[in-house]
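Using the sequences and the hints given, assemble the complete structure.
Residues per chain, in single letters:
Protein chains: 2
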Amino acid sequence: SPAPAAADLPKPPASAAPPDDGQWTMPAKNDAATRYSALNQINGDNAKNLRVEFTFSTGTTHGEEAAPIVADNTMYIVTPWPNWVYALDLTKPGAPMKWKYEPPPIAASQGVACCDTVNRGGVFWQNKFYFNTLDGRTIALDVNTGKPVWITQLGDISKGESITMAPFLVKDKVLVGVSGGEFGVRGWTTALDANTGKIVWKAFHTGPDKDVLIGPDFHPFYTQDRGKDLGVSTWPPEAWKIGGGSNWGWMAYDPDLNLLYEEAANPGPWNAEQRPGDNLWTDGIFARDPDTGAAKWYYQYNPHDEHDYDGINEIILLDVPIDGKIRKVLMHPDRNGYLYMLDRTTGEIVSAHPYGYVNSIKTIDKKTGRPVVNPDKNTKLGTIVHDICPTASGAKDWEPSSFSPRTGYLYIPHENLCMDWENVQANYIAGTPYVGANVVMKPGPGGFRGEVSAWNVETGKPVWQIREDLPAWSGTLATAGDLVFYGTMDGWFKAVDAKTGALKWQFKTGSGIIGQPIAYRGPDGREYIAILSGVGGWSGAIVPGALDPRDPTGALGFVGAMADLKLKTAAGGTLYVFALPPS
Amino acid sequence: SPAPAAADLPKPPASAAPPDDGQWTMPAKNDAATRYSALNQINGDNAKNLRVEFTFSTGTTHGEEAAPIVADNTMYIVTPWPNWVYALDLTKPGAPMKWKYEPPPIAASQGVACCDTVNRGGVFWQNKFYFNTLDGRTIALDVNTGKPVWITQLGDISKGESITMAPFLVKDKVLVGVSGGEFGVRGWTTALDANTGKIVWKAFHTGPDKDVLIGPDFHPFYTQDRGKDLGVSTWPPEAWKIGGGSNWGWMAYDPDLNLLYEEAANPGPWNAEQRPGDNLWTDGIFARDPDTGAAKWYYQYNPHDEHDYDGINEIILLDVPIDGKIRKVLMHPDRNGYLYMLDRTTGEIVSAHPYGYVNSIKTIDKKTGRPVVNPDKNTKLGTIVHDICPTASGAKDWEPSSFSPRTGYLYIPHENLCMDWENVQANYIAGTPYVGANVVMKPGPGGFRGEVSAWNVETGKPVWQIREDLPAWSGTLATAGDLVFYGTMDGWFKAVDAKTGALKWQFKTGSGIIGQPIAYRGPDGREYIAILSGVGGWSGAIVPGALDPRDPTGALGFVGAMADLKLKTAAGGTLYVFALPPS
Ligand SMILES: O=C(O)c1cc(C(=O)O)c2c(n1)C(=O)C(=O)c1cc(C(=O)O)[nH]c1-2
Ligand SMILES: O=C(O)c1cc(C(=O)O)c2c(n1)C(=O)C(=O)c1cc(C(=O)O)[nH]c1-2
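Keeping their order, the protein sequence lines are chains B and X. Per our numbering, the very first residue in the first sequence carries number 1; after that it's consecutive. Per our numbering, the very first residue in the second sequence carries number 584; after that it's consecutive.
The set of hints was computed from the structure by calculation and includes no laboratory data. Some hints here could point you the wrong way.
What the hints assert, rightly or not - List time: in silico BS3-like cross-link candidates among lysine-lysine, alpha-carbon distance up to 25 Å: (1) X:K730 <-> B:K568; (2) B:K568 <-> X:K683; (3) X:K1025 <-> X:K1151; (4) X:K781 <-> X:K730; (5) B:K566 <-> X:K1025; (6) X:K1149 <-> B:K147.
In structure tokens:
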């Protein structure tokens, strides 16, 4: 059958994905979070000529997860702790530093990072660069001077709070969430005034309605999410106060609906027997009024999560033709292995298909909105439950997908891992790990540990799948040259054909890649592709953390699946920028 | 005048520079230490097409000074402390690791490194890879397994001994010298049996003749070096026991003469008023029988050194037509700013010309063999002597020159710095700094801090000079493509025309370059150029050492000259390998 005309394909709402100006001012590229670049100089025919244009070492050796940010011919990079920010001048040969900002770092914050001392990048807005620090601050820098305009301390490491996520900017507000689900924090998302750093609103992800900013406007689609103070009553007494539900991931914004989408991570502790109940509002998504924080609707991906299936993965806003009508949806490939299409006006499930190997959930019941869990994979005190798939890290973790309006495909980087899990008693001590599980991960069925798949949003089916030996822990980038870029944990940076998945080009960077590729138009009018190389993150923690490969429970069980990584790559943060030779 | 025929040009003795096999098995390429590659695919015409072929992160963030070593299609890299060794398989795409060796490191050794925790690389010989560790060990690895064949502990960090130099292999012996001139060590060079690691001989650089291996065969050219136990009598009582004269630099070997050339660094402490006398055998060069260590001749570059002018710079063996005869010489650009041509059979000075700006020495008296020092630049207790040139780090430091037999030029990477110096009392406490001087360095005349010069060995004159903003702290590589490669401390890797110095190509690596470039023939028959990027060393210590740019005395005075370096580059070790696109 002939390819459908582009007009028939899903596409992001225009208000949330304006015409490409060749810059890349926020990690997800736009409010719809498509990570799609309209630049098309680099394509499947000429990609073989791509070459390194320049490189820049970050001076750090932990996981480099940040997206490089490009605005006004300057590139901004945030490093892992101590969260240095570099501004590079793209108008000069070799892109020399314009300035470097070194926040005064609290070294002890490294001790409350669950999954390597990472940072997912910053945002450019009106001559300011916004980013978060592991020790719980949001900082706005003046891009001309590299000096702080304001610094707001949000997290408290003595309670186990840290921040690793990239701030998200809506109108004149900076949205920030806290990390610390493995330390018994009480999760929240907050909005700061972008000009002053003052807190405008703060929404907790557990506790009484007033703290969660649930009020008369709140209309969740499914009945179990309706009622008073469910963030208290779906927990044992007091447990919600140390119940996790952090937000260390991605958001999106629909300007037409004026809805902010923000998510909550796993409930704590991992030992679910210590917290009977649905544990609202963890592992779910809120639609909120960004001006007030007021909740509009909510959907819970994983009620009473037994497997650490944080709900913070990326949210991509699309308008999809369904049964002859355009439906306003959001796509969310959850850790639990299902790709959700939710109505973004109401929170109703439109569809939910597994995109990886899942045996912990049998199906998603579209009527109740609840996953039908496999009781064989329930976790228990004193019992090792074997071969739960996916792992605690999910069928995919935080590494974000991209969407091309030219193909209608979602490009999902993900994992193929399973685990053995034993509950143990967790005891809460502020600022220390509050987990309650012994976990050992291993490769999933087929033995490969990662995969990049192209997903047809309309049919709910994969179009192509690329198997990778190691977990696919980098984001993907889709371009109008019909290429998809991603990196591997042993350092290959690849360009594949967006339609077929055929490998068009690859380059071996210095360290494993777990970053977010971007594209931008340089001052010379050429298209450039940038990626940070630097292994780490949860999956790669064995390398920069110098963990013992003989202890499979290391890194909360990830070492079990990654004992060989030290022989495949070494640590080290470096920016790589690629282009075609000038013609 | 027409260019002289190649036959008339200086050239290394054939026995010390055999025909190029396309490998690079020792840092200086051959026993004559020419650092010249006969590969010529890459030349001035096509160098503009050079591109990064692959990269490899070392996992460390201190100065990367090692030469990559290539043998049997495998590349070996030694990192700064903790001195990891990587073997990379050049036959596979992206050159994946064959193995990684992690020595059990003594962390406290970092505290007795004067000038960053560097390592200058290893040597390949008969399926073993030899290297030294900062904590004083020489290790032989089986290249097939990456496991140690033997480990010999040579240095004792409790006495301030460390090792940073690359071992030098002569016949079946591994030659190693100790670092620690700034910690009051008693310097030595030792020979180990390459098969067993057993010590064959050990020659101290101070003390009684028997310890220095001075016996009946010793015939120094100049009278002041003749006499009994001068290594005792040229010092105040007992001072020779803590008098420095380490060997952390370069050696060379003439198979025809069966002479090993090895050198001694500065006397300690820097405060020369505490050690009246010539302080033999520091700051000089020995010719020895490599089988027994017996000294044959000696020449002292800097008697009673007042300025830390270590004598350990590179030694390049050449046969030079002089007055119609071929003279067997060695070239040594000393820290004191003079390029020495010594008769390598006798130790007589053939010529000595300044190759940088020098005001601490007026001339070298060829009759006495002694420098005529400028009394205005004598250092004194309680007095700041201003504008001494060159600095303690020399007109050049350890970064080695190369020589092309096609041009007859020596390519000298060096510095242009001056200093203010005040002697202070030094008190010896084993294992702690024993220096006795407050030093502040600054740019030399003209304001530029570094230079690469091509030196006509026959005329004793510079042919071209390239000024660099920052000290030229990387080695140079000369190739038969008539190119000279070197790196800058802000990360540019450059290829210049060997005849004119014209820039032919440059690439911005991730971090400042202070390494040793090499060339090799890949398994595919192509010519490859490799360099480690990673700022550090003494001059760059401010970056990986995170020193305060406001204290100019930091890093023994180097911060004074390098306060801006943190804004020019960031730390991080990465291997870059370049080639032309396959044709
Ligand atoms: O619950 C939390 O607060 C929290 C925080 C983080 C984080 O901040 O990096 C991770 C996780 N959880 C987590 O579950 C997880 O899989 C994870 C992976 C990574 C990473 O950077 O690779 N971080 C985190
Ligand atoms: O006297 C010594 O033992 C000693 C050791 C070292 C070393 O081992 O790196 C240096 C020096 N001195 C020294 O004087 C010097 O200029 C120097 C520079 C460097 C470097 O790696 O950049 N090391 C050393």
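A quick look at each hint next to the structure:
no., hint, in the structure
1, X:K730 <-> B:K568, "holds (18 Å)"
2, B:K568 <-> X:K683, "holds (10 Å)"
3, X:K1025 <-> X:K1151, "holds (17 Å)"
4, X:K781 <-> X:K730, "holds (18 Å)"
5, B:K566 <-> X:K1025, "violated (42 Å)"
6, X:K1149 <-> B:K147, "holds (16 Å)"
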